[in-house]
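Trainee: Sequence:
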Amino acid sequence: DSKTEINLADTGFGFSQVLPILTQLWWLGRRESRRGNLGSSYPVIFAIEQPELHLHPKLQSFLADFFIASVKAAKESGLNLKLIIETHSETLINRTGHRIANNECNADDINVVIFDKKNLNDSINIKTANYDKEGFLNNWPLGFFEPSII
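My numbering applies: residue -14 is where the sequence shown begins, and numbers increase by one.
These aren't lab readings, by the way, just hints derived from the structure by calculation. Predicted model, so just to flag it, every value in this text is computed and none were measured. Here a beta-carbon is modelled for each residue, glycine too, at the ideal position from N, C-alpha and C. Heads up, some of the hints might be wrong.
Cβ-Cβ distance ranges computed for the label pairs, FRET-style [said to hold, decoys possible]:
hint : residue 1 : residue 2 : range
1    : 69        : 124       : 30 to 40 angstroms
2    : 104       : 58        : 20 to 30 angstroms
3    : 88        : 129       : 40 to 50 angstroms
4    : 117       : 42        : 20 to 30 angstroms
5    : 130       : 62        : 27 to 37 angstroms
6    : 125       : 11        : 24 to 34 angstroms
7    : 35        : 111       : 16 to 26 angstroms
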C-alpha cells in the first residue's frame, strides 16, 4: 500500500526469482481465458522447482496463497491448471494445510508426493501424503520437519 517506488534489484534475490513465476501464472490465466475452454479438457501443467528459495517465511506463505488463488481462479474460468511444485519448504506445506483447515481450498485438490531414498545404493521410494479435511497431513514421513535436529 506504499506509494514509494523500490528498485527490484534492491529487494533481494528472492523477488527476482519468484517474479517470473507470478507473471507467467497471471499471463497463462489471461491467455487461456481468451482462447476459450481448451483448458477444461486438456490440463495445463506448470512445473516449478523450489519457488521458495531466497524468500523469507512470510513471503513463502504469501506464495502458497498465490498458488491456491491461481488454481481457484483457473478453475472458475474453466482452465484445468495443474501445478507441480518441488519444495522442501515447511512454510509452503504448513500454509497449505492451514488454508485447507479454514476451508479456503479443498484437500482433494492437493497431492503431496514424497521421494525417499534411505541409502545411496537404494532405489527411490515414492509415496503420497494427503491432507485431511482439517489440514493435517496423512502418511507424512516422521522426522522430515523434525525440530529436534536443530
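Trainee: What are the numbers of the hints that this structure violates, sorted from low to high?
Mentor: Violated hints: 1, 2, 3; rest satisfied.
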